[in-house]
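Just need the whole structure built from these sequences, with the hints factored in.
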Amino acid sequence: MLGSKEEQPIATVPLVSTAGARGARDTVLRITRYASIRLLTLLLTVVVGVYLTILIANMGGYVDEIRRAMIREGVGIALGADEDFVLLPEAERRRIYDEMMAVEEVRLGLDQPFPVRSFIYLRNALTLDFGMSDQLLSDSMSRVVRLIILERLPPTLLLFATAQLILFFGSVFTALYLSQRYGSLLDRAMVALAPTSAAPGWFYGIFLIVIFAAILRILPFGGMVAVPPPADRWAYALSVLRHLILPVTAIVSSAIFQAIYYWRTFFLIHAREDYVEMARAKGLPSAVIERRYILRPTLPAIVTSFALTLIALWMGAIVLETVFLWPGLGRLIFQAIGMFDTPVLVGAVVIYAYLLAVTVFVLDLVYALLDPRVLVEGRKAA
Amino acid sequence: MSGLRARLQELRRYPSAIIGMVMIGLLILVAVSAVIAIPYQEAVRLWKGDEGVWEASPRLAPPAWFNWFSREQSPRTLVLDSAADPDTRQRVEYEDGEADVTITLAFDFHYDRFPSELAVFLTAEYQETQPFAGLIWRMPDGREFHLPARSLPERSVYSISKDDEVRWQLGGLTPEVGLFAEEGSDPPRVLKGRYELVVEGLTFEAASDLDARLVVYGQVHGLAGTDHLRRDIMVALLWGTPVALIFGLVAAVGSTMASMTIAALGAWYGRALDTAIQRITEVSMILPMLPILIMVGTLYTRSLWAILGLVILLSVFGAAQKVYRAMFLQIKEAPYIEAARAYGASNPRVVFLYLIPRVIPVLVPQFVSLIPAYVFLEATLSFLGLGDPLIPTWGKVIEDAFRNGALYMGHYYWVMAPSVLLIFTGLGFAMLGFALDRIFNPRLREQ
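Same order as they appear, the protein sequences are chains B and Z. Under my numbering, the residue at position 67 of the first sequence is numbered 67, and the numbers go up by one with no gaps. Under my numbering, the residue at position 1 of the second sequence is numbered 1, and the numbers go up by one with no gaps.
In short, the hints are calculated from the structure, not lab data. Errors might be hidden in some of the hints.
To be verified - Label-pair ranges, simulated between beta-carbon atoms:
#1 B:188 with Z:69: 52 to 58 Å
#2 Z:127 with B:77: 47 to 53 Å
#3 B:153 with Z:408: 46 to 52 Å
Said to hold, decoys possible - Facing chain Z, from chain B, some residues (calculated, C-beta under 10 Å):
#4 62
#5 190
#6 191
#7 218
Please read these numbers as outputs of a predicted model, since none were measured by experiment. All C-beta atoms, glycine included, are put in the ideal place defined by N, C-alpha and C.
Structure follows, in C-alpha cells:
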C-alpha cells in the first residue's frame, strides 16, 4: 500500500536492440538460465518469509500455551460431564485426565518441542497443506483451511479483478488522452485532483456507504449478495453486481487520480522524445503515435506498475472487505487474527507470498520479453 | 544546501503548495494547543471515561451547531447544582437535631425539542441515619408531579427517565417527554417556561446535610457531539491531531532516513553487506505488512510507539530500498566521489557527507507524500481495533462509530468529523508533496 508511490518512471528505451545480433537459440538458453536462477532465489525468499510468518503467527510458540489451555478446559468439561468419572478416586481421576491430555496433545502434535514443529509447519505450509483451523469454519462447516481459503478466494478475485481492470485501463487511457491535450482544463483538473488519492479505499468506502446506502438507500450497505440469496441465476448475478458497485467505486476512486497523474507525467516525458517528434513530423495520425511510439517503448514500465498495484491492493483489501462485509480473503485474515487462528492466518499469508513471488517471477520474464536490454544486462532492471 | 533553500523558495509559485502548507500549519497549531490544553494524562483519563467523568453529558448527541441548520431548536444540557448555588437551599432546624432542607432547582426551558434524559444526582452527609427526601416536579402551567420519595445514601443517582412509576403517572409517556409536554397534546409538544424541581429533604442529625444536582440532558453537545459512552468526541478529535502528525512524520522520516542510510552503506561497501541487504529486502517484500502489523497488534502489543517502531522496521527494507540502491550505485561512480577518495576521505565520510546529502533533495517530496500514507495507516490499524488502548485517535473514533452502528442509526456526525480531519491532513501533505515533486524533479516540471 505504500509501495506504489515510490517507483520512479523507468528511463526511456532506445529502439536500438543490442541483442539483435545473437542467435535465437542463444537467447532461449539465456532466458531459461536467467529464469531458473530467478525462480530459485524467489523460492528461497518465500521459504524464509513463510518461516518468519510462522514464527510471528505462533508468537514464537506462545500460541501453543493458549492451545494447551483450551485442551485442558475441553478435557475437564468432557470428564466433568461423565457421572462415572466423578465417582472415581482422586488418583484414578488424575491418571485418566493426564492420559486424555496426552492423547489430545499427540493428536494436535503438541508433544513435540516448538522449534521442531515450526519446521513441520513450514513444510506443510509450503506444500499448501494448511491442516485444520482452530476456530473458523467454511460455509459447509469444514475446518480444512484449504477449503476455507478456496471458498474466500473467488469473492476477493471478483472484487479486485473488476476494480483493477477499470482502474488500470481507465487511468492509462485517460492519461494518454490527457498527454495529448496537455494544459487543457480537464488536464489541470485531473492534476489538481491527484492529492485525493492520499486516502485509502476503505476510507472512501465509508463516505459511499453514508451517501448511497444510509441516506439515499439505493445501494446495499455491504455483503456480496442479498439475504436470502435469489434462487434464479440471473437474479443472483444482478444482486452480486449491485453489491459490487460501492466497493469497486471505493477502490477506483481512491486510486484513479493518482494513477492518471502518474501516467500522464510519464507519457508527457515520453511524448517529448525525439523519435516521437519525428513521427509527428512525418504526419502520422495521433492514434498511431500513441500506440506505436508512446505505448510500445513504455510497455515494460506499464506492466511493472500494473503488477505492483495488483499486489498493493491485495493488502488494502483487509479493511475494505471488513467495511463492506465482503466475504473475501481479507476479511478472513481479520477474523482469523481476532480468533488467534494461526493455521488460517499462515495459510492466507503463504498464499500471499506465493502470489507475490509468482507475480515477481512473471514480471521478470515479461520484462525480458518486452525489453531487449534486460536480456543483455541480466537482472539489473528488476 | 543553498540549492535546497533556493528550491524551497520556488514553492511560493505553486498555489497548491501554499494551500497545503497553510493546512499543515493549522494542524500543527491544533496539535500544539491540544497538547497544552489537555495534557497527556488528562486525555487518557478523559477517554478512559471512569465513573463520573462524563455523567453530565448526553449519550449520542450530535454537535450543538446542528441547531443552526434546524428550525426546531434542540436543547443543550442543563446542570443545576445546589452545592454550587447556596441560594437554592433553605434549611430550617428543629430542636431535636432534625432539619428540613428544601432545595429548589429552577430553570427556563425554551427549546422546541424534549431533553434526551433526566436524572438527579443526590449526595448526603450523615453519621448513622440517612436523610430522607421527597421530590416534586413543577411545570410552568402549575401542574405538579410527586416523584417517589427515598432515603439517601452518601451518593445516589435517581434516573427519572428510567422510573416506570413516573411513566405510569404520565399515562405511558417517557418521563423526559411527559414532564415537559403540554397537557393533553398528542403528539406531545414542548411546554416552554420555567420548570422547578423541589427536593424536600429531612435530616435526622445535627451535622447531616444533603445536596442535589439535576441534569437535564440535551439532544446536542459541544462542537463535535458525544459518543455511545457519553464521551465528548472533541477530546479525541483534538488529541488525534498530534498523534496523527507525530505518527506520520516519525514513520516517514524514520523509514526514509534509515532506508537511505542502509542503501548507501550497501552500495558503498558492496560485497557481502550489499548481498545481505538485498536478500533481507527481498524477504521483507514478500512479507505482507498489514497482516503482520495486525498479528503483532493482536498477539503482542498495541502500544502506538511499538507499532510505530515496527512500521519503520518493516518499511526500511521495502521496495524503496531498491530504488535508493540504484541511485547510490549511479552516484558512486561520479567524479566528485573519486576526487574525495583521492584526497583520502574515509569511508564513513564519503557515505555520510558525500553520498547521502546528494540524494536528499530527491527524497524531500517523496517523504512529504509518504506522510499521509502513514497517517492513514494508523487510522487503518485503529479502525481494525488495534489502536493504542489509551490514546484517543481519529481512527478509534471511526472504529467506535462503526462498531456501534453509527451508519445504520444515522449518527453521521460521529463518523464524519474524524474522517474529514483525516482527509484534511492527507490532502495538506499530498498537495505540498506534489508541488515539491514538481520542483525537485525537473523532468516532471511542465515544459
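Fill in: Hints violated by the structure (listed by number, smallest first)
Structure breaks hints 1, 3, 5 and 7.
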